[in-house]
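*Asks:* Heads up: the protein sequence lines correspond to chains A and B, in order. Going by full-length UniProt numbering, the letters in the first sequence line up with residues 1 to 206, in that order. Going by full-length UniProt numbering, the letters in the second sequence line up with residues 1 to 140, in that order.
For the record, the hints were derived by calculation from the structure and aren't laboratory data. The reader is advised that the hints may include incorrect statements.
[Said to hold, decoys possible] Derived list of chain A stretches under chain B, where covered just means 3 residues or more per stretch with a C-beta under 8 Å from a C-beta of chain B:
| hint | segment |
| --- | --- |
| 1 | 33-45 |
| 2 | 145-153 |
| 3 | 170-182 |
| 4 | 185-196 |
[Unchecked claim] Short, incomplete list of chain A residues facing chain B, as computed with Cβ under 8 Å:
| hint | residue |
| --- | --- |
| 5 | 82 |
| 6 | 85 |
| 7 | 99 |
| 8 | 110 |
| 9 | 129 |
| 10 | 166 |
| 11 | 199 |
| 12 | 200 |
[Claimed, not checked] Quick list of the computed label-pair ranges, beta carbon to beta carbon:
| hint | chain 1 | residue 1 | chain 2 | residue 2 | range |
| --- | --- | --- | --- | --- | --- |
| 13 | A | 52 | B | 66 | 37 to 45 Å |
| 14 | B | 52 | A | 175 | 30 to 38 Å |
| 15 | B | 139 | A | 35 | 37 to 45 Å |
| 16 | B | 117 | A | 164 | 40 to 48 Å |
| 17 | A | 15 | B | 120 | 37 to 45 Å |
| 18 | A | 20 | B | 3 | 46 to 54 Å |
Glycine is no exception: its CB is placed at the ideal position from the N, C-alpha and C atoms.
One letter stands for each residue in the lines below.
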Amino acid sequence: MDFNGSDTLPGPRTEDHLPHTTQAAVKIVIVGGFGVGKTTMVGSVSEIRPLTTEETMTQAGIGVDDNYGSDTKTATTVAMDFGRIGITDRLVLYLFGTPGQERFWFLWNGLFEGALGAVVLVDTRRLEVSFDVMDRLEERGVPFVIAVNSFPDAPRYAVEELRTALDLAPEIPIIECDVRRRASSKDVLLTLMRFLHSIALSGARA
Amino acid sequence: MTPPRRKRRRPQPPPPPLPTPPAPEPPDGQAEPKNPERLYAFAEAEDGARAELDLVTLIVARSAPQPGASPEHTAVLRLCVAPLSVAELSAYLNLPFSAMTVLITELITAELVQARAPIVRQALPDRSLLEAVMHGLQRL
Ligand SMILES: Nc1nc2c(ncn2[C@@H]2O[C@H](COP(=O)(O)OP(=O)(O)O)[C@@H](O)[C@H]2O)c(=O)[nH]1
Ligand SMILES: [Mg+2]
Numbered sequence: 001m002d003f004n005g006s007d008t009l010p011g012p013r014t015e016d017h018l019p020h021t022t023q024a025a026v027k028i029v030i031v032g033g034f035g036v037g038k039t040t041m042v043g044s045v046s047e048i049r050p051l052t053t054e055e056t057m058t059q060a061g062i063g064v065d066d067n068y069g070s071d072t073k074t075a076t077t078v079a080m081d082f083g084r085i086g087i088t089d090r091l092v093l094y095l096f097g098t099p100g101q102e103r104f105w106f107l108w109n110g111l112f113e114g115a116l117g118a119v120v121l122v123d124t125r126r127l128e129v130s131f132d133v134m135d136r137l138e139e140r141g142v143p144f145v146i147a148v149n150s151f152p153d154a155p156r157y158a159v160e161e162l163r164t165a166l167d168l169a170p171e172i173p174i175i176e177c178d179v180r181r182r183a184s185s186k187d188v189l190l191t192l193m194r195f196l197h198s199i200a201l202s203g204a205r206a
Numbered sequence: 001m002t003p004p005r006r007k008r009r010r011p012q013p014p015p016p017p018l019p020t021p022p023a024p025e026p027p028d029g030q031a032e033p034k035n036p037e038r039l040y041a042f043a044e045a046e047d048g049a050r051a052e053l054d055l056v057t058l059i060v061a062r063s064a065p066q067p068g069a070s071p072e073h074t075a076v077l078r079l080c081v082a083p084l085s086v087a088e089l090s091a092y093l094n095l096p097f098s099a100m101t102v103l104i105t106e107l108i109t110a111e112l113v114q115a116r117a118p119i120v121r122q123a124l125p126d127r128s129l130l131e132a133v134m135h136g137l138q139r140l
């Protein structure tokens, strides 16, 4: 990489600068299988052009052993799309679209631990790819809502049928969406926030 | 048509959020496949600074880059004239997240940038924070 071409250094447009008063960020994670609409959702609600952060992972013991005694390592690049929404002049929200396989999550320390909550995006044509993610989020104590991305040729199920299939507690919201539309993605995020708020209220009562 | 059903791996969701660190690497020369690891391995424990950097820790330059500073440091300081997250820096500079945190840790140690920690999920969530986020989203 060439850091010397300072005139052409990539960076945010001036109008995308966060105010200097911005004290802290919060994050929400959008998680789901490949092709379920994570990138589309990040792009439809973000106020900045969506960006990508990458991490490279090496895995020993995979690949072809071409030399006796030498360790073979394969490098895998895992990418995560993200976007940003300004909340107040002191607070900013980031949205991360994350692959569903847990074996990648450790690459970004605290990705789920620190998140306010998660959106599990599901495609009813491949409902089973999201089962594992829900297990993992429950284990980690990450509150989540289910967003059913409506693809035209996907089977449609009643919400209660989905709740039974996904074995979800009655309070966990399940919402249908078309994440290509900003209003719909925004609705999903607001559903998550209301759910988190209800948890906070019941926690305060307990 | 009925949807496929999830079978939980355990009957009850067990109690919450112990962060799960990657399992330690077994010593070299063992036959079984190793756990995946980051390409860039760093001394995380040295001063703990790296561990504190989250994807959304905001980085702000304390001053303009000095002549003679390394190109990498200069690039970060230029970008951080306004607060910018570690994730954004990684994206704009096209550096893996782990490499980005190392660079930023150097700048924090040299007191050239300031890091503003994110607000993370609490066992008892802060209602006014959640309400602020809701209102922000409603304005979108
Ligand atoms: N019909 C329909 N198509 C969608 C929707 N969301 C995403 N897509 C399309 O599905 C494809 C995969 O979406 P993408 O966001 O890249 O999925 P990702 O792998 O989860 O990031 C793209 O071609 C999208 O245009 C949706 O809500 N409805
Ligand atoms: Mg994607």
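*Asks:* Each hint needs a verdict: does it hold in this structure or not?
*Replies:* Hints and how they fare:
1. 33-45: That given contact is violated, which follows from only 1 residues of the segment 33-45 of chain A lying within Cβ reach (below 8 Å) of chain B.
2. 145-153: This one is violated; 0 residues, fewer than the three required, reach chain B with a Cβ under 8 Å.
3. 170-182: violated (count 1)
4. 185-196: It holds, with 6 qualifying residues against the three required.
5. 82: This hint holds: residue 82 (chain A) lies near chain B, its Cβ roughly 6 Å from the closest one there, short of 8 Å.
6. 85: holds (6 Å)
7. 99: Violated - the Cβ of residue 99 (chain A) stays beyond 8 Å from chain B, reaching only about 13 Å at its closest.
8. 110: holds (5 Å)
9. 129: violated (10 Å)
10. 166: Nearest chain B Cβ about 5 Å off; hint holds.
11. 199: Holds, because the Cβ-Cβ distance from residue 199 (chain A) to chain B comes to roughly 7 Å (cut-off 8 Å).
12. 200: This hint holds: residue 200 (chain A) lies near chain B, its Cβ roughly 4 Å from the closest one there, short of 8 Å.
13. A:52 x B:66: 37 to 45 Å: Violated, since residue 52 (chain A) and residue 66 (chain B) (Cβ atoms, about 31 Å apart) do not stay within the stated range.
14. B:52 x A:175: 30 to 38 Å: About 35 Å separates the Cβ atoms of residue 52 (chain B) and residue 175 (chain A), which means 30 to 38 Å holds.
15. B:139 x A:35: 37 to 45 Å: violated (31 Å)
16. B:117 x A:164: 40 to 48 Å: Holds: the Cβ-Cβ distance is about 41 Å, inside 40 to 48 Å.
17. A:15 x B:120: 37 to 45 Å: violated (29 Å)
18. A:20 x B:3: 46 to 54 Å: With a Cβ separation near 50 Å, residue 20 (chain A) and residue 3 (chain B) satisfy 46 to 54 Å, so the hint holds.
Checked against the numbered hints given earlier, this structure breaks hints 1, 2, 3, 7, 9, 13, 15 and 17; the rest are met.
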